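Chemist: Knowing the structure of chain C, use the given hints to seat chain R on it.
Residues per chain, in single letters:
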Amino acid sequence: EEPAAMAMIRVHELPEILGQLTAERPVSLPDIGAIPQGRIFGAILMTRNGDVLGQSGFQQSEADSTPAPAPKVVAAILSNVWSEYARSVANTVSFEPEAADGGVEGAGPLRVMLLDLQQAQVAVGSLCDGEYLLCACAEHDVAVGMLKARLLTLANHLEGSLRQLLVVPFDR
Amino acid sequence: EKEGSPSLGRGLVREPCCAKERGSGVLSTMKKKVLLMGKSGSGKTSMRSIIFADYLARETTRLSPTIDVEYSSVQFLGNLHLHLWDCGGQDDFYKNYLENMRDKIFRSVELLVYVFDVESPTVDHDLHQFRAIAQALDQHSPDATVFVLIHKMDLVAPESREAAFAERERSILDCCSATMNITCFPSSIWDETLYRAWSQIVYSLVPNTKLLEDHLGEFCKMCAADETVLFESTTFLVIAHCEENKGAHGDVHRFEKISNIIKQFKLSCRKCAQAQFEGMTVRNSKFTAFFNLFTTNTCVMVITSRPEIEPAAIQLNIEAAKPHFERLIPQTAL
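Note that the protein sequences, when read in sequence, are chains C and R.
In terms of my numbering, the first sequence opens at residue 1 and continues consecutively.
In terms of my numbering, the second sequence opens at residue 1 and continues consecutively.
So that you can see chain C by itself, here it is in the shape it has in the complex (with noise of 0.2 Å):
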């Protein structure tokens, strides 16, 4: 007989998939040719807590003197101001699902951070109702919406697998 299916992560593949994030990217639009852009240096996957699941990238750039941020670190610290935010967000914008004139859709809880740094900006998303946050640092060169729109991306393929994990395999 086959053994019941268990849901859990495949740890050595989170770094490869976070990989996809950090991984050089050139664009090259037909009209326009190469389009300069900055780069994503480091993803992280992490509890809502801050514990590092997985990450990828955070390496040293030859051109850069100052020291790679260590992830526990960032994460650490991410999980920290978006635990703050998420609560304002809760407290004071409310969650109208549909406006009267089915026009504008109302605000939920908090689902995307950018931040907008000295020496980079971040973005940080939330996946499965905030049990876990995706996070991908990158220079100031990258255009913020694909930033978010990347990240955003690669949110939406984790979650379903992450899902798998908070639901109870077998439940009654």
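Hints should not be assumed to be uniformly reliable.
[As the list claims (entries may be wrong)] List of simulated lysine-lysine pairs, BS3-like, C-alpha gap at most 27 Å:
| hint | chain 1 | residue 1 | chain 2 | residue 2 |
| --- | --- | --- | --- | --- |
| 1 | R | 257 | R | 271 |
| 2 | R | 257 | R | 210 |
| 3 | C | 72 | R | 221 |
| 4 | R | 286 | C | 72 |
| 5 | R | 210 | R | 263 |
| 6 | R | 246 | R | 257 |
These aren't lab readings, by the way, just hints derived from the structure by calculation.
Everything numeric in this text was worked out from a predicted model, so none of it was measured.
Modeler: Frame of chain C, contents of chain R only:
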């Protein structure tokens, strides 16, 4: 009447691989009887308190003015109950067991653990007693397994140990019928041989270790671990283990050593910090080892030498695998 019932247990009904096990649902509540016997002063009580320290419900039964049998029951690995009949070893007691209490003691025995003191001056007499016991066992519980521990091996000079053990083993096997299932082990409370012997004993009580090890193997792969070990949580004896690269580790006796160390640590936590042992993570440049309480009756140890594996991810997998193994283990301890 429990056999056909769909409410036999959560999850039991849902998984296809248990349909076969359901029929033995009634058996699973039966307690398994283990006898611990041997001459007085052979070291049974010390052995028992080391392996099952602090977890015994003690009951001294005085069956008659001259008989002293200490009976204790240890619940173990789900619904396994070890009944330790620590029978006094004086000659009079032996006569009593063999004559008056023969069927009470020797019926429905799963396992007999018999202890010999290697330094005993009365070797022939000891063998004679053992033979009588073995015969009584064979008569009332013909399917029982017998484990013989040649104890106090520390009193023998290291260079002569192997020979001394071989000689004893031969004389023991010679004095019993060939149909009996007897295995001998050297043991001493001063090194890991005691744990090794009891680990084998426990391992033999858990049926379906193959199934358990298959599942453990999957768990091991998902965690990209070098090795995963399942310990019984009261005694810290190894129940199952899985190694990614078979035979990669040089020390085949590492389990006993680990059992010993963690058990001591756990007891220290209790004594010094009055704390319940939950788990432990050991990390250095070469590896990370996680010990965690796993199911109700087990602890798991996961070792990985890959630096890119984050502890939190392993913890997540351990949490995720718990309910699965929780269901699996009661099935294997019939």
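Chemist: Would you mind marking each hint as holding or not holding in the structure?
Modeler: Against the structure, the hints come out as follows:
1. R:257 x R:271: holds (21 Å)
2. R:257 x R:210: OK: residue 257 of chain R and residue 210 of chain R at ~23 Å, within 27 Å.
3. C:72 x R:221: holds (25 Å)
4. R:286 x C:72: Holds, at roughly 19 Å.
5. R:210 x R:263: holds (25 Å)
6. R:246 x R:257: Holds, at roughly 19 Å.
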